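Asker: If you use our numbering, the sequence shown corresponds to residues 1 to 100, in order.
There may be inaccurate statements among the hints.
[Claimed, not checked] Quick list of the computed label-pair ranges, beta carbon to beta carbon:
hint, residue 1, residue 2, range
1, K13, T97, 38 to 44 Å
2, A6, L70, 24 to 30 Å
3, L70, A26, 17 to 23 Å
4, V12, L78, 18 to 24 Å
5, T24, P88, 28 to 34 Å
6, P46, T97, 24 to 30 Å
Since the hints were made in silico from the structure, they are not lab data.
Source: prediction; values computed, not measured.
In this text, a Cβ means the ideal position worked out from N, Cα and C, and glycines have one as well.
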Amino acid sequence: AVDPDARLGERVKLLALPVAKGVTFAASDARELLTLLADAPADLTPRLPKLHTLFATKACRSAVMVGTALDKPKMAALLARLADLNQPWNCPHGRPTMRH
């Protein structure tokens, strides 16, 4: 909850610990996010490292795995999506995204 009239340092109150995909976020994670938000430039959306790790894991789990048979339209669509990425050669964990 946010109380804009409260004293500085007491304006935000954590009412519950968020949980996502079995990962519980602690009060320290909330403080870290608030610090990231306060320090970030206006045009940048900061990301909590713990949340980035969670999203990276989810992305890998739903990825096309080596050995999965794809027809030509699916291959073309996958390559087109990879072409839009800044670093298409590795997943967020550093694993290669393609095998030649």
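Asker: Work down the list of hints and note, for each, if the structure agrees.
Answerer: Now the hints, each set against the structure:
| no. | hint | verdict |
| --- | --- | --- |
| 1 | K13 to T97: 38 to 44 Å | holds, 42 Å |
| 2 | A6 to L70: 24 to 30 Å | violated, 55 Å |
| 3 | L70 to A26: 17 to 23 Å | violated, 41 Å |
| 4 | V12 to L78: 18 to 24 Å | violated, 42 Å |
| 5 | T24 to P88: 28 to 34 Å | holds, 33 Å |
| 6 | P46 to T97: 24 to 30 Å | holds, 26 Å |
The structure does not agree with the numbered hints 2, 3, 4 stated previously, though it agrees with the rest.
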